[in-house]
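Q: Residue-level listing of the chains:
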Amino acid sequence: MGYAGVRGGQEAIVAAERLVAEARFGGGSGWLELGQITERLSAAVDRVMGEGGLWAPELAARAFRQAQGDVLEAAQLLRAHRSTLPRLGYGLPVGTRDLRAVRRISPAVRQPPGGQLLGRTTDYTPRVLDLTPDEQLRTQRPARSGRGAATASPRTHDAIEPDAALRAEGLLADRRVTTDPDPYDITRAPARPGAPRSARLSAMARAETGSLTHLWYMCSRAPRHDGPEIPLELRRGRLPLRVRHPHTGRPVVVAAARVTEARTVRPTGRPRTDGTRFDTGYGLCFGENEPKALAMAGLDLLVHRDPHTDRLEQKVLIALDGPEASGFLEHLKLPHYVDFRSTMERVQAVRAAAGGAR
Amino acid sequence: MTTHLTTELAGPPPAPGIFDELSKREIRRAVLSGIAIPGYQVPFGSREMPVARGWGSGGLQVTLSLVSEKSRLKVIDQGEDAGVNAANLRRLVVNHVGCEEETDTREADIIQSRHRIPEQPLRDGQVLVLQVPGAEPLAGIVKEMDEQRRMHAEADYAKMWVRLYEDVVHNGLVTAAAGYPVLVEGRYIMTPSPIPRWDVPKLNGSQAITILSAGREKRIFAVPPHTHVVPLTFEDRPFEVEHTPGAACRLCGSADTYIVQEPARDGQFSTWACSDTDFCRRRRAGDAPATVPHVQPTALQAAQPSEPAPPALVQPAAQPARRDQEETA
Numbered sequence: 001m002g003y004a005g006v007r008g009g010q011e012a013i014v015a016a017e018r019l020v021a022e023a024r025f026g027g028g029s030g031w032l033e034l035g036q037i038t039e040r041l042s043a044a045v046d047r048v049m050g051e052g053g054l055w056a057p058e059l060a061a062r063a064f065r066q067a068q069g070d071v072l073e074a075a076q077l078l079r080a081h082r083s084t085l086p087r088l089g090y091g092l093p094v095g096t097r098d099l100r101a102v103r104r105i106s107p108a109v110r111q112p113p114g115g116q117l118l119g120r121t122t123d124y125t126p127r128v129l130d131l132t133p134d135e136q137l138r139t140q141r142p143a144r145s146g147r148g149a150a151t152a153s154p155r156t157h158d159a160i161e162p163d164a165a166l167r168a169e170g171l172l173a174d175r176r177v178t179t180d181p182d183p184y185d186i187t188r189a190p191a192r193p194g195a196p197r198s199a200r201l202s203a204m205a206r207a208e209t210g211s212l213t214h215l216w217y218m219c220s221r222a223p224r225h226d227g228p229e230i231p232l233e234l235r236r237g238r239l240p241l242r243v244r245h246p247h248t249g250r251p252v253v254v255a256a257a258r259v260t261e262a263r264t265v266r267p268t269g270r271p272r273t274d275g276t277r278f279d280t281g282y283g284l285c286f287g288e289n290e291p292k293a294l295a296m297a298g299l300d301l302l303v304h305r306d307p308h309t310d311r312l313e314q315k316v317l318i319a320l321d322g323p324e325a326s327g328f329l330e331h332l333k334l335p336h337y338v339d340f341r342s343t344m345e346r347v348q349a350v351r352a353a354a355g356g357a358r
Numbered sequence: 001m002t003t004h005l006t007t008e009l010a011g012p013p014p015a016p017g018i019f020d021e022l023s024k025r026e027i028r029r030a031v032l033s034g035i036a037i038p039g040y041q042v043p044f045g046s047r048e049m050p051v052a053r054g055w056g057s058g059g060l061q062v063t064l065s066l067v068s069e070k071s072r073l074k075v076i077d078q079g080e081d082a083g084v085n086a087a088n089l090r091r092l093v094v095n096h097v098g099c100e101e102e103t104d105t106r107e108a109d110i111i112q113s114r115h116r117i118p119e120q121p122l123r124d125g126q127v128l129v130l131q132v133p134g135a136e137p138l139a140g141i142v143k144e145m146d147e148q149r150r151m152h153a154e155a156d157y158a159k160m161w162v163r164l165y166e167d168v169v170h171n172g173l174v175t176a177a178a179g180y181p182v183l184v185e186g187r188y189i190m191t192p193s194p195i196p197r198w199d200v201p202k203l204n205g206s207q208a209i210t211i212l213s214a215g216r217e218k219r220i221f222a223v224p225p226h227t228h229v230v231p232l233t234f235e236d237r238p239f240e241v242e243h244t245p246g247a248a249c250r251l252c253g254s255a256d257t258y259i260v261q262e263p264a265r266d267g268q269f270s271t272w273a274c275s276d277t278d279f280c281r282r283r284r285a286g287d288a289p290a291t292v293p294h295v296q297p298t299a300l301q302a303a304q305p306s307e308p309a310p311p312a313l314v315q316p317a318a319q320p321a322r323r324d325q326e327e328t329a
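Chains as they are written, first to last, in UniProt numbering: chain R, 1 to 358; chain C, 1 to 329.
Be careful, since some hints might not be right.
[Unchecked claim] Derived list of chain C stretches under chain R, where covered just means 3 residues or more per stretch with a C-beta under 8 Å from a C-beta of chain R:
1. 29 to 38
2. 45 to 53
3. 108 to 118
4. 136 to 146
5. 238 to 247
[Said to hold, decoys possible] Lysine to aspartate or glutamate pairs mimicking EDC-like chemistry, simulated, CA-CA at most 20 Å apart:
6. R:Lys333 / R:Glu17
7. R:Lys315 / C:Glu147
8. R:Lys315 / C:Glu144
9. R:Lys333 / R:Asp70
10. R:Lys333 / C:Glu262
[Claimed, not checked] Over 12 Å on every C-beta distance to chain R, these chain C residues come out as not near it, computed from the model:
11. Gly17
12. Glu69
13. Arg123
14. Arg149
15. Ala155
16. Ala158
17. Thr227
18. Phe234
19. Tyr258
20. Ser275
In short, the hints are calculated from the structure, not lab data.
Predicted model only: the values in this text are computed from it and were never measured.
C-beta: ideal position from N, C-alpha, C; glycine also.
Construct the complete structure from the given sequences, taking the supplied hints into account.
A: Below, the structure is given as structure tokens:
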């Protein structure tokens, strides 16, 4: 069947892959172990898991290494892997009361119950490039902290909702639903405007962090009618994953995932008529990713208040996905000569209809 | 007997590697819905594929859901079997399923294509899977997805007609190039992936099933066999296909196929070649039809704004026009 003629493309691909392999496996430096990536580059691993929509630190580290440090590409790898996995069951709902916080700050109050728990953060570390010679860094060991992270986790205070005080005063518009509908699964049905809030929250949890930050910034830097946004609380910690035991029927903890959670409020100003209360926004994402959780909470609130101005709801649902945006951008590299010829013919036809060069 | 039947129903054991059998079943359901409502965009839970979104992830999901070990699969990009993108997708599917590779359009059971419909008229039983980057024909007219859905639901396409009219007023002609809007079976306006206008008449009354799949936009739509597909245009503005007088393929000499410019050594667009490499090769070998019946005499009618009667498709048969351009030296 004369297949020899179609081998050209395939050979070029194999050659291109050989060049990539040289970069991945060649060079003089040592092999990059997965443990090094999960331990030392945990921010990148967390981003890959968040944008990939799969909690799997080892796999995310693998993807990050395979993608040579490209977070978006790694997220795409993780998602493609996710598609190969059959869905075996569903976890039980978990409340963030169960979150064991290793960091909890409350910008809206001076002293929340249990206190401000700064935890591990570089927020107050001067952004100075560490130029200590490498030989010295290599042998450096962390100074022992007085208290371990686990003891700094007073669980009783995590059970107090950060909005309890506002709620008690009747100052909070209640967004809780009592019907307990199944969450909208954006990986099984496309999320479109009008989708329930759970679709929006999942879309943002999987969104590309940079895009989310940018969209939040676009919405928030311009003066709006709304009052100022003030986060009630930002927390980081572990959430248990529970499934029902197939024999006993009792919930069993099978894994735990690190998450970042944010709650934010704005007064309900114009254009709403009711200016007597606060609206809340909520964000929760995989891993340690504070900008993402904060931007998510801010956008959740803005969409709730006014989904249609600037098509904000549509943007949040459609435009923030990393693999989708980058895939569409990069598809421009594919051959387009068939449509180019078609377009060129039209441009020439318009020119001819206008009587030659305009 | 029952065991045999259940095994039959369960289908082949899952092949590890790309996506699971339950997902494939979901894609097939979406495809069937699309075939049942020609031109309607069926939302589906598009999975992430081992190719970037925008590189044929939608077409790949459909092909993988339909292909079996016995299928003969042809994959083309821009009409070419050898292109890197076509080669990559073919390699993926063949490695996953173990089906037969095919380049001869006549022999293929499933043809996955980007931007082209083969020149060889497709026959009954064949399935053409087109990769779609933008599924929504109204995207350039209204931005709100809610409104786009409403317009489709109510067949309220007035704004589309106004857009075409404005185009004629501003430019003297309809400037839509590839992906020209069409009316499917008198009901839904569809954008036929970005195939060139040259290929649009081939959709009309085609014997094969055409499935259009947009992975990133998560929509599948279809043109079943023997379906009316008519390009939108006005009575006094015949639908125009790409044509450059005097141009012919430098390899097979064809002037009745879709040919693309190739810059010659001097950097000028001075030579032309067929984009359908299989057809071009067979033309040279004397193994292809001498004339291509692109346009059945009764097939192509210009869709008109439907007023006052409901969508009336019966217009005098019109050949697609080829605009004789002035040479722009």
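Q: To test your reading of the hints: which numbers does this structure violate?
A: Violated hints (numbers, rising): 1, 11, 14, 19, 20; every other hint is consistent with the structure.
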